[in-house]
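Trainee: Spelled out, the chains give:
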Amino acid sequence: MKPFELNQFAFEGISHARIDDLSTISGADKERLIMSGVDVDEAGSRAGSFLHMDHGNVHCRSRHEAVEILDIKDALTKYDGLPGHFWTLVDPDKDEYTRTANEHLQGGYFIKVAAGAKIATPVQSCLFIKGQKAGQSVHNVVIVEEGAEVHILTGCAVANEQSEAVHVGVSEFFVKKGGKLTFSMIHNWGEHMNVVPRTGGIVEAGGVFQNNYILLKQVKYLQSYPTITLAGPGARARFNSVLVAPKGSYVDTGSRIIMDAPDTRGEIISKTITTGGTIIARGHIQANYAPAKGHLECKGLILGGGRIHAIPELDGRVEGVELSHEAAVGKIARREIEYLMARGQDEDEATSTIVRGFLNVDIMGLPDKLHAAIEKTISESEKDMF
Amino acid sequence: MLKIEGLKVNIGDREVLKGLDLHIKEGETFILFGPNGSGKTTLLLTLMGFGGYEITGGRIMFRGQDITRAPSYERARLGIGMSFQRPPTIHGLKTKHMVRLCARDRVVDPEELARKVNFEDFLERDINAGFSGGEIKRSEILQLMAQDPRLLLFDEPESGVDLENMQLIGSTVRELLGGGAQPEPGLSLKQAKSRKLTSGLIITHTGYILDYVNADRGQVLYNGHLCCEARPRDILEHIRKYGYQECVRCLN
Ligand SMILES: Nc1ncnc2c1ncn2[C@@H]1O[C@H](COP(=O)(O)OP(=O)(O)OP(=O)(O)O)[C@@H](O)[C@H]1O
Ligand SMILES: [Mg+2]
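Respectively, the protein sequence lines represent chains H and L.
Letter by letter, the first sequence follows residues 1 to 386 in my numbering.
Letter by letter, the second sequence follows residues 1001 to 1252 in my numbering.
I should point out that these hints are in silico values taken from the structure, not numbers from a laboratory.
Glycine included, C-beta positions come from ideal geometry on N, C-alpha and C.
Certain hints may be false.
[Said to hold, decoys possible] Cross-link-like lysine-lysine pairs, in silico, DSS-like; alpha carbons within 30 angstroms at most:
| no. | chain 1 | residue 1 | chain 2 | residue 2 |
| --- | --- | --- | --- | --- |
| 1 | H | K331 | L | K1116 |
| 2 | H | K369 | L | K1096 |
| 3 | L | K1094 | H | K369 |
| 4 | L | K1094 | H | K376 |
| 5 | H | K331 | H | K383 |
| 6 | L | K1096 | H | K383 |
| 7 | H | K299 | L | K1096 |
| 8 | H | K376 | L | K1025 |
| 9 | H | K293 | L | K1094 |
| 10 | H | K331 | L | K1094 |
[To be verified] If you want the footprint, here are the derived chain L segments under chain H, 3+ residues with CB under 8 angstroms:
| no. | stretch |
| --- | --- |
| 11 | 1061 to 1074 |
| 12 | 1082 to 1090 |
| 13 | 1098 to 1106 |
All chains, full assembly: derive it from the sequences and hints.
Mentor: Given below as structure tokens:
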């Protein structure tokens, strides 16, 4: 499916004034940002913030000496083009989107966490689209040095749900020996939005990459397939995604883990609900060394129309690997509804309880404010579900 | 409390209950015996109002209301509470949340209730996810304590439970039935009598539960009919000595 032409969108020309203090953002934009995990009253709750609006950066600030946050353009200047990092995990010639990102480098975040630093509060970033017919193309690089730990919250959102726009985002993640990167991405798009992230990551020995992805709102077209390579012994990766596709959404997304060292572990868990949209739920685990353990879980609920096409793939390339998958696409189990009804819940209450459980994101360890915003979004979208 | 008249139930084309009459009074605990496959569980699930159990005749009255066709949530809200033998796991629903949900509008303290059945460590776990047989029993009782039903339906409280937990479950069931572990001090006779009375319908094969609850009536379900009304201990004794077939013949 090719739903849009890139040349219909403007990749330059929209600029915004700098925002020195995020707490000056108000009204609808503020609401939208909170829903995407951005705390505008960030002092104390965030180790740093980055905000890119339409075609350029408007805010970039670290609040922790071990966290460096720069616009990628400044990082390229400062670090001589970021050799060994920039365009090393994603091929600029992969497709027309990566070529576009390469041609029009508007910005994007560069986040580096110093070796051994364990950052207690999350670093937040937001890629925000306000313009009509805007083409946003960013390139992000995250480097977690040896033994460092950080949680990055990224919200990608459109200000007006009616806007027609495209977001192209290239991201490259580097987790060095014994480092830990938790990367939580919350998408809030609209019915005319086209979104094509291209993501690659590498995790060295003993490192951990945990990816959380939440998409609850409509999007016209979203296609992504982040690939993480576990390059050293003991490296681990885990993907948790929760996706809802209302009518009009076309979402083709998945996660891929390449276990390229012994003693690695990979886990991909996706929960998807369609209420009329199409979801292609992909998952791919490849193991090149043993011992290696990988598990892929893909659960889908079709609530009132729509389509879920689950494509789990396991590729063991050597004796001794242990890869498994569990995929189920269906409806809410009658037994579960009956159980709750026997406790006094009517059918709608019971359905809601089960759906909320299904979409539960406790495991992601998100900040309370964001967690509450997600719960709110889920309860608002429930009316479309059953 | 509960009055069943001429109840006939089909599962598919098969008639499993062939015309049952049963009356359980307020505060009374009734014990149901019967061989495997005789329809005991079917009776409980029919009383709870589950799909798949087609009532082809008779009616069920509960606290003066005809609930024969009522959906199960209405029965639950009227005060029927059931302990499930093999409840489903609901992913993402914490046990603690489930306990609150059972209490509906009443405020309960899940921690405090859980302490009574030694279940505090499970409150953060998804309901029934990987619970062992004995843990399921304690979880079900915990939910029932929150629900506070007027009629307790319990299918084999002793199955899969070790001796220590049997004591815990037995005394909690007794408490649920209003027997209380000890008579509450300071309660006058009149006050004690005006307390809500809870009735019970308990299925047992082993009779261990009889050590804990005051049950003065029992019957055997056999071939889709209820028969042999007697004191539960006497029924148990007869079944032990002579088996169900002889027991049915003798007690009739
Ligand atoms: N869903 C079903 N489909 C077909 N037959 C069923 C179903 N449920 C129960 N039955 C049948 O109905 C009969 C009564 O079953 P029920 O579970 O009520 O027995 P029970 O008295 O509880 O037995 P037990 O002591 O073994 O628990 C059995 O023959 C059983 O196989
Ligand atoms: Mg049974």
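Trainee: Please go over all the hints and tell whether each is borne out by the structure.
Mentor: Taking the hints in turn, this is what the structure says about them:
no. : hint               : in the structure
1   : H/K331 <-> L/K1116 : violated, 36 angstroms
2   : H/K369 <-> L/K1096 : holds, 21 angstroms
3   : L/K1094 <-> H/K369 : holds, 20 angstroms
4   : L/K1094 <-> H/K376 : holds, 18 angstroms
5   : H/K331 <-> H/K383  : holds, 17 angstroms
6   : L/K1096 <-> H/K383 : holds, 26 angstroms
7   : H/K299 <-> L/K1096 : holds, 24 angstroms
8   : H/K376 <-> L/K1025 : violated, 46 angstroms
9   : H/K293 <-> L/K1094 : holds, 28 angstroms
10  : H/K331 <-> L/K1094 : holds, 21 angstroms
11  : 1061 to 1074       : holds (count 3)
12  : 1082 to 1090       : holds (count 5)
13  : 1098 to 1106       : holds (count 4)
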